[in-house]
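Novice: Listed here are the chains, written in short residue letters.
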Amino acid sequence: MRMAAVLEVEEAGWNPPGLPTVLHPTSFAVGPGERLAIVGPNGAGKTTLLRLIYRFLRPVSGRILIDGTDIWSVGSGQVARSIAAVLQEQPAEFALTVTEIVALGRVPFRRTIAGRDAAAGGVIDSVLHRLQLTRLGRRTLSTLSGGERQRVMLARALAQEPKLLVLDEPTNHLDIRHQLELLECVRSLGVTVVCSLHDLNMAADFATKILVLRGGRTLAFGDSSTVLNADLISRAFSVRAHRSQGVGSAQSHFTFQL
Amino acid sequence: MALGTPGSKLAVALAAALLVAMGSIWISLVLGAVPVPPGTVGEIVLHRLGLGEPAAEWPHGHEPIVWDVRLPRSLLACLVGSGLAVVGASLQSVTRNPLADPHLLGISSGSALGAVVALLHVGQVLGPFTVPILAFAGALLATAIVLAASRFTASASASGLVLTGVAISFVLMAASNLLIYLGEARAAHTVVFWMLGGLGLAQWQHLAFPALALAFATAFLWVNAGALNALTAGDETAATLGIRVVRLRYLTFAVGALLTGVMVAYSGVIGFVGLMIPHVARMFVGGDNFRVIPVSALLGGIFLLWADVAARTALAPGDIPIGIITGLVGGSFFIWLLRNRSQPRVW
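In order, the protein sequence lines correspond to chains A and B.
Residues 1 to 258 in my numbering are what the first sequence spells out, letter by letter.
Residues 1001 to 1347 in my numbering are what the second sequence spells out, letter by letter.
If you are wondering where the hints come from, they were derived from the structure by calculation, not from laboratory data.
Incorrect hints may have been included.
[Said to hold, decoys possible] If you anchor each label on the Cβ, the simulated ranges turn out as follows: (1) L1328/B with P41/A: 38 to 44 Å; (2) R243/A with P1098/B: 46 to 52 Å; (3) V1246/B with T143/A: 27 to 33 Å.
A virtual CB, placed ideally from N, CA and C, is assigned to each residue, including glycine.
Build the full structure now, drawing on both the sequences and the hints.
Specialist: Put into structure tokens, the structure is as follows:
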């Protein structure tokens, strides 16, 4: 259906003009189809790093490369055809239907002004179907539940047919079943994913790679199966962490205390 | 285009609104202090368009009343109503604020200040068009100040721009009020009348600028309808869709200021049209700006046309400031809108 991108972050750092550094120069690479979870305490620079990756902020130092191309060496429209993001912003209630919101994902593909690209109809239909939104196509956002809304936001991003999908706390405000369903759906896409998550156990389950940030610096980066350990989590989050073997699964899980 | 597609829905809505607009203009030519029979109206208009023979039996005065007084006035009402509604629709999208309207730019206070200066203090220094010219300049100046201030305070976000607009609006209004306070009491009456809006000065030769400004602004906004839709999803999401958010927002403000400035110069400050009409349009055709903008234009024109008919017939031969009519209708409408907010839309 779509190809997956290689993401390379080379010494990328950012600070607001005239203010202290929020993200110190950071480097890592994510291969095609891999899923990177970014974890860290509040204020660690997770959102800033994501904003650099989806080209909302321009790095003060370093570069972000998609398939070897610096995302700031090409136009925002071209980047929008490779990178899609599901953010925590909520759309304003202006009576747009689910289908119309998902169709926003085709904005970067418009050939003629105010016209639509030829593939739009098919892509929108298949994305709606994939996320089980077909039945809700004519509803407005305000009539949907939190889980349905988040599916609409994901569908909007998928309509961009991205090679890299960026997710900012996608499981926030969802109940546990919807959290698992959403992550399972993202996992099944096969695209490269960068995702910030608060739940460390969920991050370890979902991701293939994990980046641990604290105070704008990288504490650790590596395979999700090996990188997290009790000592690292204790340092990153200023808690006492313990690893315990999960009941009925091979997966070990972390528990936390102050 | 097949039935049921968005395009056909738009075509049906536009065709219906256009028919209502034509009918409304016809009726507006009939109604007034001197009623003119509908048939006579038709004959006069056809004759002046070069499509019919002049009839010998038209009562003296009917032809100039219909052609020189009522028709330009009705057309100006349509243009101004369309313009204000289109500006309101686009500003509501770029600020993500359902209460946004041309007043939000500080435009009305800016143009009011220009008019106050002209009417009370400098006189007709630029000839008979001094008031419109200064009102237009005031509108543009106010918007320039709002945009500059939003850069100064580093608040180019949707809500930042709204708050800046409100703040500048208060400052300019205070300046106007000071000038009114310092000015001559009798002239202040003229100012008040102007600030409540009216189309009584409409003439054929005044229609070109509003028509051009409306065509330009509507075309710009319609071309950018997809981007305006994307902006309602949020600034960062719109940016990930390849839209240059701040640039589009500033451009939309500038185009809105230009159009509102032209309209205000010819009609005074008319409230509530820009606020109300886009919401009505969305009730009919949903939230897609590709449909909202043209439908708002037609509905705004029709609404202001009827508001003007009410303004000049309710106390005929007197002419009530049209702002009083739109304020009455608009305020009542808003209560109704609040009640219906959570209920499903018509289409």
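Novice: It remains to establish, for every hint, whether it holds in the given structure.
Specialist: Here's how the hints hold up against the structure:
In this structure the hint that L1328/B and P41/A lie 38 to 44 Å apart at CB is violated, the actual value being about 56 Å. For the hinted restraint 46 to 52 Å between R243/A and P1098/B, the CB-CB distance of approximately 51 Å keeps it satisfied. The supplied range of 27 to 33 Å is met by V1246/B and T143/A, whose beta-carbon atoms lie about 32 Å from each other.
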